[in-house]
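J.: Place chains B, C and D on chain A using the hints.
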Amino acid sequence: MIPAEYYLVLAALMFFIGVFGFFTRRNLLAVLISTELILNAIDINFAVFNAYYYPEHLEGFFFTMFAIGIAAAETAVAIAIILNVYRNMGTIRLKNLKKLKF
Amino acid sequence: MILNTHAIIFMGLALLMVIAALLAVTTRNIMRATVYLLFVLFGTAGLYFILHYTFLGAVQVTVYAGGIIVLFVFAALLIGKGARDLTHTSILRYTAGFTAAATGLALTTYLIFTHQFPDVKPLTSVVPINLIGHTLMGSDKYNYVLPFEAVSVLLLACMIGALLIARKR
Amino acid sequence: MNILNLFILIPIVMLLALWASRNLRQIRSVMVVGSTMLLALSVYLTIDFISQRNAGTDTPFLYTDSMTWYEPLNICYSIGVDGISVAMILLSAIIVFTGTFASWRLQPLTKEFFLWFVLLSLGVFGFFISLDMFTMFMFYETALIPMYLLIGVWGSGRKEYSAMKLTLMLMGGSAFLLMGILGIYFGSGATTMHIQEIAEMANIPTQVQYIFFPITFLGFGVLGALFPFHTWSPDGHASAPTSVSMLHAGVLMKLGGYGCFRIAMYLLPQAAEDLSWIFIILTTISVVYGALSAISQTDLKYINAYSSVSHCGLVLFALLMMTRTSCTGAILQMLSHGLMTALFFALIGMIYGRTHTRDIRELSGLMKIMPFLSVGYIIAGLANLGLPGFSGFIAEMTIFVGSFEQPDLFHRTVTIIACTSIVITAVYILRVVGKILYGTIKNEHHLALTDATWDERFTVICLIICVAGLGIAPMWVSDLINGGVSNIFTILHP
Amino acid sequence: MEFTISILALPLISFLILALAGMKLPHKVAGGIGTASLAIVAILSYVTAIQYFGAGRGADGLFPTITPYNVTWLPLGETLHIDMGIMLDPISVMMLIVISTVSLMVHIYSFGYMKGEKGFQRYYAFLSLFTFSMLGLVVATNIFQMYVFWELVGVSSYLLIGFYYTKKEAIAASKKAFIVTRFADLFFLVGILFYGYYAGTFSFTPDVRLLASAGIVIPVALGLMFIGGAGKSAMFPLHIWLPDAMEGPTPVSALIHAATMVVAGVYLVARMFPIFIEYAPEVLHTIAYIGAFTALYAAVVACAQTDIKRVLAFSTISQIAFMMVALGVCTSADPHEGGLGYMASMFHLFTHAMFKGLLFLGAGAIIHAVHSNERSFMGGLRKYMPVTHITFLIACLAIAGIPPFSGFFSKDEILTACYSYSPIMGVFMSGVAALTAFYMFRLYYMIFWGKSYYETELKKYQKGEIAEKPHAPHEAPWTMTTPLILLALVSCIAGFIPFGKFISSNGHAYEIHLNAAVAISSITLAVAGILTAAFIYRKDSNRVILSVKVQSKKFIIAAYHRFYMDELWLFVTKRIIFKGISRPIAWFDKHIIDGFMDLLATASQAFSYSIRRFQSGNIQSYCIWFLHGVIILALILIFLV
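Protein chains in written order, with the numbering used here: chain A, 1 to 102; chain B, 1001 to 1169; chain C, 2001 to 2494; chain D, 3001 to 3641.
Extracted from the complex, chain A is given alone in its bound form:
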């Protein structure tokens, strides 16, 4: 039996790797990829807590499932936006996207 802490540490690692990527990437797609990492880390946590501490319930399970579903939706919209941005501005580099800035 693997202790729950291991999972949690792994999830934390992935979370902060995602955060790090979110901070440092300069490309919308890459930022989105980092976001997916973060989401995944959270999903793992939900599943782990459910499976280890409250096996008689399924809250974490379903939360993860819905999170996956919503992540898919979110990604679809995000990528649509990114494509649109690219089409209109010719770039998806964050630095160049200033049109909405005051």
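No wet-lab data here; the hints were simulated from the structure. We put the beta carbon where it would ideally sit given N, CA and C, even for glycine. Please note that the accuracy of each hint is not assured.
Which residues of chain C face chain D? A partial, calculated answer using Cβ under 8 Å [as the list claims (entries may be wrong)]:
{"id": "1", "residue": "A2017"}
{"id": "2", "residue": "A2020"}
{"id": "3", "residue": "P2108"}
{"id": "4", "residue": "Y2289"}
{"id": "5", "residue": "I2295"}
{"id": "6", "residue": "Q2297"}
{"id": "7", "residue": "R2324"}
{"id": "8", "residue": "I2369"}
{"id": "9", "residue": "P2388"}
{"id": "10", "residue": "C2419"}
{"id": "11", "residue": "V2423"}
{"id": "12", "residue": "G2439"}
{"id": "13", "residue": "T2440"}
{"id": "14", "residue": "A2468"}
{"id": "15", "residue": "S2478"}
The calculated SDA-like cross-link candidates involving lysine to any residue, where the alpha carbons are at most 20 Å apart (straight line), are [as the list claims (entries may be wrong)]:
{"id": "16", "chain 1": "B", "residue 1": "K1081", "chain 2": "A", "residue 2": "E5"}
{"id": "17", "chain 1": "A", "residue 1": "K95", "chain 2": "B", "residue 2": "T1054"}
{"id": "18", "chain 1": "D", "residue 1": "K3168", "chain 2": "D", "residue 2": "T3573"}
{"id": "19", "chain 1": "D", "residue 1": "K3167", "chain 2": "C", "residue 2": "G2365"}
{"id": "20", "chain 1": "C", "residue 1": "K2368", "chain 2": "D", "residue 2": "T3166"}
{"id": "21", "chain 1": "A", "residue 1": "K98", "chain 2": "B", "residue 2": "L1123"}
T.: Same frame as chain A, but now just chains B, C and D:
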């Protein structure tokens, strides 16, 4: 901890996931990043299998690895050269991001190891699929038909929205 | 229903009607009907008030009414009037009425202009009828905000700058004011923000009074153009459109003096007594300094704005002298200055509308081209320099006689210094009259200009009648005000 | 005496009619309204005088002070209030006569003088306003009412001086007149305020105990009031406005700047005389010295002027100064014991109003004829304008103090009063009186004798040197000569009025008796003055005058420039007040005070710009800061709390 099959698989998956995640956020090529992400997602699915959440693992593989990654790949291909432009950020931002992430990680790890969790009551068997089905479609307490419907509407909205946004004018 | 509520309701109805009106004709009729109703109502209020007083009712405020608004903070919609507020309401109604006619031909965005204009007057009326400090403050803010748009959109010259400056400075003042109000409220431990109640409890500790009197006085003083916070006035007035200048100088600046008296001095009597010397010095400077600055200005509106600084300085000066007579004089001066400045700004607006310049070096010989406006201007000028028979004289004399009731050297000296303003006023008024009205016509284009139209004549004549009426028969106003002042003095000097 | 209210009301009504409807009325109607109302006022004034003096003295030997009207106009505090009313006592009744008479004459005269002028109606409106204010001033029941009308008088004077509003000099003169008098009024006002506070009333008869306990303040208040009076009555150094005021139409000069308004200061001192003599005799004597200096100064300056109206203006200043001196030399309220000056002053006021009005109206007729104020355009006019000549001569004789003309009697009383105060003062004033005779006859000879400008021009024309035929001077129309004749008659007989019977310092009857020594010496001096003037100016280019002129050239030029008093005042106003104070203050306001406010705005803007980088719009940096913040908070919560 006894070094059993589960443990070995877990270690392998963990190693794979961490390395793939690191590469995903550092590589300069967006296609590669996507592929590394795919590895991470598969790894996650593996973790779900180890946790006896096989259905969840399946969902992870189909939706994430199957759906989202495809989206990423298409996006990367559509954008093409623009997507490859992965210049690195300023050293200041880099350090700031790194410190924040590292501190956060340290803090979280510290909390994980110091926090008193409740007793472990591990799952011994795979969650039966009919239970999942009943829970998902039931309308009692701890049943999820309402969120399920909400998510379905959301997905529909997303679909239309994505179409509208990406539509050529 | 309480008659005072009508002063809020009529503007609201006017706002709705304006919003619904479709063309210029409808807008004008709404404005004329509404402002006439307000004027009639205020006249009725005055008459009724006087007759009630004569009948012997001696409660401090008449037509009182109260309605809780927000329980947790004890904010009430408390209304009521005494002699001072009746006089101020009458003044406001006259200015709103004449202001309507002064902006008869205003273009463009006429509807929007009048919407803001009415909102402003709503704030003014609300301020004068309320007795609850918070409600008062709310109406005060209601009156300030439209100013920004009225100047910023319909103004002339550096209008954005002026509008911004005016609003920011006045907002700064109201920040002080809010502090002061809260200080008074919590210092007194009262259960409501009702002025009368706080005044009668009279239990604000002296130390607290010392802190909040300057803050409150300053807050209102900014609006009353107290030196050195008067600089919004010249720029603001110079940029504002005619009727807004009228309303602003005529009524809005009076909110400052009224508030100083009603809140700062009435509720913090001990501090007012002890700290008045600071503000007396400042106001004395205002009086002389404003007049001296006016001498060397070249823009007609600047001259008048500085003259307003001087005259409004006299209002605060007289209040701080803290004798019954001087305070009566201060209120009279508010009335008189309101009418005179409104007249002045109306005339300047009319002249500017024709010549397109306000620079006195470019104007001359207007008497030949527009005799009506010129005569009006001379009358306004003479009223302004305190000619007997006009309101300025009685106000100034009441102030000076009242100020002389303080026999110590300091008060005497500053009074005499303030008196010199009547000479300086004469200098700048006559300078302008001599330069722009008399003499020969320098600019050929001016020969084609016309004299006042009927609406302009109406505005000017109305205001002149008011100024002269107040100056010839001051008795009743003086009595009216004196009643209110006496009530306040029962607290100020028990 | 209730009808006296119409004395005030009629001019006011006429003013209102003319001011509101005037421009639409034909000239004749407008003038007619003004003149008719004034005629009624004059008749009413005479009736008032006859009734008042006819009613005789009361049991205490005084003419009673009647107050037919007195209403509270404006209450000020608990004790003080401004009243408006009518008070009749000997001097106010006397002033009523003076004002209504001269005003009526001027109204009639103006028909001819102002004929065809643009703004004829406006002129009559202003005249009515002035008359109203002046009448209101003299019948004032209290000092504040006096001040009210005092200001109104000032403004009507302003309007009338600036009547020719397109003329630059007229605008400047009107402005100057108003501001100088206003400046003086400031002192008057402060004086009133002091008086009101310490006497507890504005009335002329205050509570004696209060006054006695006030101490030094009452003399100060009276002194300040005198400064106000000095402004209106053109005492040195506040006289500068009066010569310039001659820019107004000549009849206005006659009415306002010779006969009525300028004596308001004298009237004021006379009004306050009981208080002056009781509580502030020193102030009174100071007034005498100021008056004496002014008299001399104005007389000297008058000798050097070439503009005939200016000469008359300075002569007015000098004569008013005589009245002031007469009031100032009083040492007690009893006319037998040094209070003679009061009666003399009032007497001189009366006679002076008549003959100075006459002089100005005569000068107007001359100006009307030759179209210039300068003496070089005159000369030899006696042939062309006989009526004007004779009446002018009468007036000159009157002012020079030749019996039996009125000026002799009043001036003689003044000199007697001066001698009884101190011989030096007497001698000094006699000298000034001689100077008066000199400059008046200098004027007379310059106008009516000597080489005629017209004839010279005519000769030139006949020789063909100039193309245009000069206009022959002509006698004025009857509307103008009638007032001249009437006033001349008054000047002839006014001296025989037993003035002391009506007016004296303590109210009791006083028999005027000529002091033989004074009379003879003053006549001698006057004749000497006249003869000198005749000797010098009757013929042109006299050798003596030339040598005198050359020797005292500088002095004459200085006198011509009025000893540079105007320049001094101009320096004070233009250089010091305007350039030295007002401009810097305006600059200070714009740049320092407003600059400070702007600085606040700019500073906060600069500050906000400096922190604006945080709001970069870059979601990544927001998140970095956010995460840092979260971590710090978490650390605090975990380890510190």
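J.: Determine for every hint whether it applies to the structure shown.
T.: Against the structure, the hints come out as follows:
Checking A2017(C) against chain D by beta carbon gives a least distance of about 37 Å; that is not within 8 Å, so the hint is violated. With 8 Å as the threshold, the beta carbon of A2020(C) stays out of range of chain D, its nearest partner Cβ sitting at about 40 Å, so the hint is violated. Hint status for P2108(C) relative to chain D: violated, with the closest Cβ pair at about 30 Å, above 8 Å. The interface hint given for Y2289(C) is met, as the beta carbon of that residue sits about 6 Å from the closest beta carbon of chain D, less than 8 Å.
At its closest, the beta carbon of I2295(C) sits 4 Å from a beta carbon of chain D; the interface hint therefore holds under the 8 Å criterion. Residue-level restraint check for Q2297(C) holds (minimum Cβ-Cβ distance to chain D is 6 Å; threshold 8 Å). Against a cut-off of 8 Å between C-beta atoms, the interface hint on R2324(C) holds, since the closest Cβ of chain D lies about 6 Å away. At about 12 Å, the closest approach between the beta carbon of I2369(C) and any beta carbon in chain D exceeds 8 Å, and the interface hint on this residue is violated.
Taken as an interface hint, P2388(C) checks out: its beta carbon lies about 4 Å from the nearest beta carbon of chain D, inside 8 Å. At about 6 Å, the closest approach between the beta carbon of C2419(C) and any beta carbon in chain D falls short of 8 Å, and the interface hint on this residue holds. The interface hint given for V2423(C) holds, since its Cβ lies 5 Å from the closest Cβ of chain D, which is under the 8 Å cut-off. Against a cut-off of 8 Å between C-beta atoms, the interface hint on G2439(C) holds, since the closest Cβ of chain D lies about 6 Å away.
Residue-level restraint check for T2440(C) holds (minimum Cβ-Cβ distance to chain D is 5 Å; threshold 8 Å). A distance limit of 8 Å between C-beta atoms decides the matter here; for A2468(C) the minimum to chain D is near 11 Å, and the interface restraint is violated. Look at S2478(C): its Cβ gets to within about 6 Å of chain D, closer than 8 Å, so that hint holds up. About 42 Å separates the Cα atoms of K1081(B) and E5(A), which puts this hinted pair outside 20 Å; it is violated.
Using a Cα cut-off of 20 Å, the hinted pair K95(A) and T1054(B) is violated, with the two alpha carbons roughly 42 Å apart. Pair hint K3168(D) plus T3573(D) holds up; C-alpha atoms about 19 Å apart against a cutoff of 20 Å. Restraint check for K3167(D) and G2365(C): the C-alpha separation of about 10 Å stays at or below 20 Å, so the hint holds. At roughly 9 Å between alpha-carbon atoms, K2368(C) and T3166(D) fall within 20 Å of each other, so this suggested pair holds.
The straight-line distance between the Cα atoms of K98(A) and L1123(B) is roughly 51 Å, outside the 20 Å bound, and the hint therefore fails.
Hints 1, 2, 3, 8, 14, 16, 17, 21 from the list above are not met by this structure, while the remaining hints are.
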